[in-house]
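*Asks:* If you read the protein sequences in the order shown, they are chains A and B. Numbering-wise (the numbering used here), the first sequence opens with residue 1 and increments by one. Numbering-wise (the numbering used here), the second sequence opens with residue 1 and increments by one.
Careful, some of the hints might be misleading.
[As the list claims (entries may be wrong)] Which stretches of chain A does chain B cover? Using the computed rule of at least three CB atoms under 8 Å from a CB of chain B, they are: (1) 278-290; (2) 321-332; (3) 346-358.
Simulated from the structure, these hints should not be mistaken for lab results. The structure displayed is predicted, hence computed values, not measured ones. Every residue, glycine too, gets a C-beta built ideally from N, C-alpha and C.
Now for the letters of each chain:
There are 2 protein chains.
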Amino acid sequence: MIPQKDLDQIQDLVLARNWPELRKKLAPLAADEVAPMLLQFGKAERVLLYRCLGRQQAADTFSFFDDDLQHQLLSELTDQETRDILTNLSPDDRTDLLEELPAPVTQRLLTFLSPEDRREALMLLGYPEDSVGRLMSPDFATVRAEMTVGEAMAEIRRQAPDSETLNMIYITDDDGHLLDDVPLRRFIATDEKVKVRDLMDGYYSSLSAFAPQEEAVQLMKQKDFFALPVTDSSGVLIGVVTADDVLDVALEEDTEDIYKGSGIAPMESSYMRAPLYQLYGRRISWLIILVFVNIFSGAGIAHFEELIESVVALVFFLPLLIDSGGNAGSQAATLVIRGMALGDVTAADYIRVAWREIRVAIVLGLSMALAVFLLAWWRSGIAVAQVVALSMIAIVAFGSFIGMSLPFVLRKWNMDPAAASAPLVTSIADITGVLMYLGIASTLLGEVG
Amino acid sequence: MIPQKDLDQIQDLVLARNWPELRKKLAPLAADEVAPMLLQFGKAERVLLYRCLGRQQAADTFSFFDDDLQHQLLSELTDQETRDILTNLSPDDRTDLLEELPAPVTQRLLTFLSPEDRREALMLLGYPEDSVGRLMSPDFATVRAEMTVGEAMAEIRRQAPDSETLNMIYITDDDGHLLDDVPLRRFIATDEKVKVRDLMDGYYSSLSAFAPQEEAVQLMKQKDFFALPVTDSSGVLIGVVTADDVLDVALEEDTEDIYKGSGIAPMESSYMRAPLYQLYGRRISWLIILVFVNIFSGAGIAHFEELIESVVALVFFLPLLIDSGGNAGSQAATLVIRGMALGDVTAADYIRVAWREIRVAIVLGLSMALAVFLLAWWRSGIAVAQVVALSMIAIVAFGSFIGMSLPFVLRKWNMDPAAASAPLVTSIADITGVLMYLGIASTLLGEVG
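Use the sequences and the hints to build the structure in full.
*Replies:* Rendered as structure tokens:
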């Protein structure tokens, strides 16, 4: 039993929301002290206290409870009130309180939750947003390496009603560490007396619960499995992610990337269901930012006002030239962003990508220069035509370089490369386009800028 | 036996590649006449002749052969030489020769092919490109409704080694028509003597082999199954598509849409592996097209040359205004295109989408007008500020309207809505932007356009 004085102190620390102190205070306590103490607190405090226990301590305390109390704790850990408390915590407090739960609790919690509740409640497991831990389900069958195939088949039959995915049977040691996966059909085709260990080939793919969901998409894309096993930080099998859930994630991620590609902030709801204020809110910020970026283009033009006044013909080619740089640039950005999303392009590829892109861009620029040169010659004479063609090459090459580099820069700054949207690349390319075009014109046509 | 005269005629028709005549000639023949006749021809002719048979006739002929000959025919139907012949046919000939194969042949062919060969060889089945029929695999377990659960379990065990997907057992009638799907776990939990028919609930989702692969993506997204059964035109179960294959399709489709969104033609290979000439080829066409679209913007500006010369300050706001229309427009296009790809927006929604978009666009335009009004007032006086603000509202509203309408128009013309790329929408919006801005300016500032 814990002395009343300590209990009062603990109570005060909970009220003061002083989690670091609370952790220190709780750390030395044994499970048989913690368990009865928890029962003396009200529901909300109990959950908060439980979340302050060390990982091993939390596991021991959980197993100290009988079935009914375990069930009660699980439901308290995941009910709406707890979710509200934990959702409304400050980021610091969340990190303190939402540490990874011990594997037995995670496994039980997953089974305990209905599929409808699961998505919302998985935030309680202590795995970061958009991590594999938020995606996993408990519907898998697992057997021990030391069983015979006959015992294993009996075990599989017992687990079958709860197992969505029976194609692959997961093999663990006595502590639940994942050792291998073996297709069900190999069990069916093998004599009952053979040891499960002899079916193992030691070759399997698994995901960490902390891994980003993107990794599940990429692994699933490579491996052609229906489900991938998920382990916690100590290698214990705690769930599976299934191909259909990964499909949902992939489609959502792609939608986000596609939206970002046009300067639209990610939305939860579909276009037709989204309220109008949301459609407005997700679009206005980039539109306003881009207005201000475009002021620089205007300023560039204003700087060359005299030149424009004396050779108004130049204005004819302005939209065409600056847009070309933006178009080539957003093509380059799109290729790099998608390559990054699919795992084909990594941060280390910058030099290789740049070298590919520069060569392609120069040939693109040459082709486009040729197309406008004839038009410009016919319309405004050879002098302007030279300026236009030369500008085109420079603008397309430089626009492509900007478009290709921006996703790398954003990633370096820990931002989403997909934020290198077509409008942003276009607006930046516009500024340099204006300066290059009118700069080249003022040099070649002998005007003062 | 078929008389030599007829044989010669048939031979001539094959050489003349006159498939319609050949069909007519073959139609009245019975399977026991066709089968020995086929053996008298060389491999290439045999395959072509077989593909000219009616569907029932082809099925009968196939079952007329013994196992070895069936095997031989299957390998001839799918070997490299045949693929080359069929790939190089004219589109008309392809339609004639690549009719849907009879279900038993399709099923056998799927099992016969190795997973590596499958993707390439599935074009031979007679299902259109990007159809579900090109995606299916034969790895499923099927039982008859009239079996007992005990018999069914024995059957499932027999099929297990070839069945990738054992979660769901498919129930067919004696002719192979799909009747229902039942989870394996329900078999395991049921007494052996119960009839399979009594496990059925008549509630299942299936795909036609002719359906576009997009439909598989959308159904899989809704249903959370690992695999969906595929039936041929007569409702016979011929394959399954699995969630991991659907994931690959979804990612490829999204990549294509994302590329199109920046005016890049679809590429097979990843960015890093694509040869440079391909990176060039997939990008240059839209870039050149857009150059010519942009000429209209230039022409619009040239039309107002005098106005620009007298109020050069107007040029300062030109990039900012026309880009804003393009940006708002490509946001709208992106939302509609993605909505269409995910099945949220259909062709029938045009009026609803337009009404939503117009209201949002006007508020977006007002916000942006406010932002530039102050800037323009400060820089160029109230008269120009009024012109700029008014133009902004008109340009953003109209740009959004264009962006939102273009995908609907393209779909109406049976083109891919995703071709309404950001650069295209931007370029079109630019033209109208130039005309609206300078038109409003020339009216309000009392200048002649």
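*Asks:* The structure should be examined with respect to each hint, and the outcome stated for every one.
*Replies:* Right, here's what the structure says about each hint:
1. For the segment 278-290 of chain A, the proposed coverage by chain B is satisfied: 8 residues have a C-beta within less than 8 Å of a C-beta in that chain, meeting the threshold of three.
2. Requiring three or more residues with a Cβ within less than 8 Å of a Cβ of chain B, the coverage given for the segment 321-332 of chain A holds, as 8 such residues are present.
3. Coverage of the segment 346-358 of chain A by chain B holds. Counting CB-CB distances below 8 Å, 4 residues qualify, and the rule asks for three or more.
The structure shown violates none of the earlier numbered hints.
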